[in-house]
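Number of protein chains: 2
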Amino acid sequence: MLFFTQCFGAVLDLIHLRFQHYKAKRVFSAAGQLVCVVNPTHSLKYAPTRCAAAQASTEQGILPPCHHHEAVHDPQLVPCTCPLFSCPWEGHLEVVVSHLRQTHRISILQGAEIVFLATDMHLPAPTDWIIMHSCLGHQFLLVLRKQEKYEGHPQFFATMMLIGTPTQANNFTYRLELNRNQRRLKWEATPRSILECVDSVISDGDCLVLNTSLAQLFSDNGSLAIGIAITTSKVHSSEAEM
Amino acid sequence: MLFFTQCFGAVLDLIHLRFQHYKAKRVFSAAGQLVCVVNPTHSLKYAPTRCAAAQASTEQGILPPCHHHEAVHDPQLVPCTCPLFSCPWEGHLEVVVSHLRQTHRISILQGAEIVFLATDMHLPAPTDWIIMHSCLGHQFLLVLRKQEKYEGHPQFFATMMLIGTPTQANNFTYRLELNRNQRRLKWEATPRSILECVDSVISDGDCLVLNTSLAQLFSDNGSLAIGIAITTSKVHSSEAEM
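Protein chains in written order, with the UniProt record's numbering: chain A, 1 to 242; chain B, 1 to 242.
If you are wondering where the hints come from, they were derived from the structure by calculation, not from laboratory data. Note that the structure is predicted; figures quoted are calculated from it, not measured. Each hint should be verified, as a subset may be incorrect.
[As the list claims (entries may be wrong)] Derived DSBU-like pairs: lysine-lysine, alpha-carbon spacing no greater than 30 angstroms straight-line:
hint : chain 1 : residue 1 : chain 2 : residue 2
1    : B       : 149       : A       : 186
2    : A       : 149       : B       : 149
3    : A       : 149       : B       : 186
4    : A       : 186       : B       : 186
5    : B       : 149       : B       : 186
6    : A       : 186       : A       : 149
Chain A on its own, in the form it takes in the complex:
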């Protein structure tokens, strides 16, 4: 009897998983689009003082010493840019991706257009959802953050950073798109370089910003699907008119 009960439970689980996958796929239109389910991570620490140093970053990928590295160090080294942890690691820009994958277990996805499906949107702030996105010969970091800028009023902030220099970042445009309940919200911008601090991009509000009520309108059963597309930059049509 117990055996049959367990079998029935397993079948129910499979049906539930299949249903979740189907829901994730149907959120965006492109049939072949890769859907990546991203689970939340509670930020262990926000380190604003690290950002103050990052603001002085130069075009060469050289950052001033971190506040947690008082010793003399190689100016070509970049501190860990993972926004989740106050991580003591530093290394060259070229090895940031492998550090993020290996140490922080951040997934990397291929493809010009993907769907980022952030689960458990109801979790309290601060919470982050992070993936890396490999596209057009470069790697990008997508950060969705739930944060209380005004106490008691959590908001969602989404931005894309290039794992490269600001000059390289200027060659691209990224688009984030939400589409549900007969509403559509699109944000297009030039990605910021990972040498700039993700915390300051979010505190400046220079990214896609969602109030909780709008996030709920775009969510489906506690999950928010964000369509992501990256293209090589072209001057925005209106500005070309100038």
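Assemble the complex: chain A is given as a structure, and chain B must be docked to it using the hints.
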């Protein structure tokens, strides 16, 4: 001497006006697009109790009595929907447009695509920028509101309402687009009927919402240009996939 000084002043004013017009025209790409400069209006009164009644609106365009009309009244009458004033007027839906034009001096513009140029974005909340938009055989009311939902943190809310019933509103899709500084933000939704209350649409956050920092990024010398387009509804592609 005074005459020459005054002439010089007048020439400077003309140059300034010409420059403002040029700036307004170049914000959006379509060369033939109509640019409407909209000056702000300080809201004289927000009347949330009026909205509570409006929530109970029916498909027939019948609204329950306003709190300021205690007398028996014709249930076919609609109270004044102008969000600026607590106006005692009420009349049939068909004459709302002429009331808004004549009594509240709200401009009406023709064309499927227009540019709404809201001036003096720095003015303190609460402030409204309002126009009517005539398109596809119907009239729409565009409301941009600066309001402090969280004390000390003003935000901008933009929405479009059909001067018609909810069923008529379901036949349309409106798009609001901001485009400046290599950033683009688009909001697409079904317009709400003017029988629903604009105050409740804004307090629900079911509209385009801009933080002050983002509004500044999209502004040019204190003016915010919003591209507006209205189309007849089609099911959003992603939802057609379901």
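Against the structure, the hints come out as follows:
no. : hint            : result
1   : 149(B) x 186(A) : holds, 23 angstroms
2   : 149(A) x 149(B) : holds, 13 angstroms
3   : 149(A) x 186(B) : holds, 23 angstroms
4   : 186(A) x 186(B) : holds, 5 angstroms
5   : 149(B) x 186(B) : holds, 22 angstroms
6   : 186(A) x 149(A) : holds, 22 angstroms
Violated hints for the displayed structure: none, as all numbered hints are satisfied.
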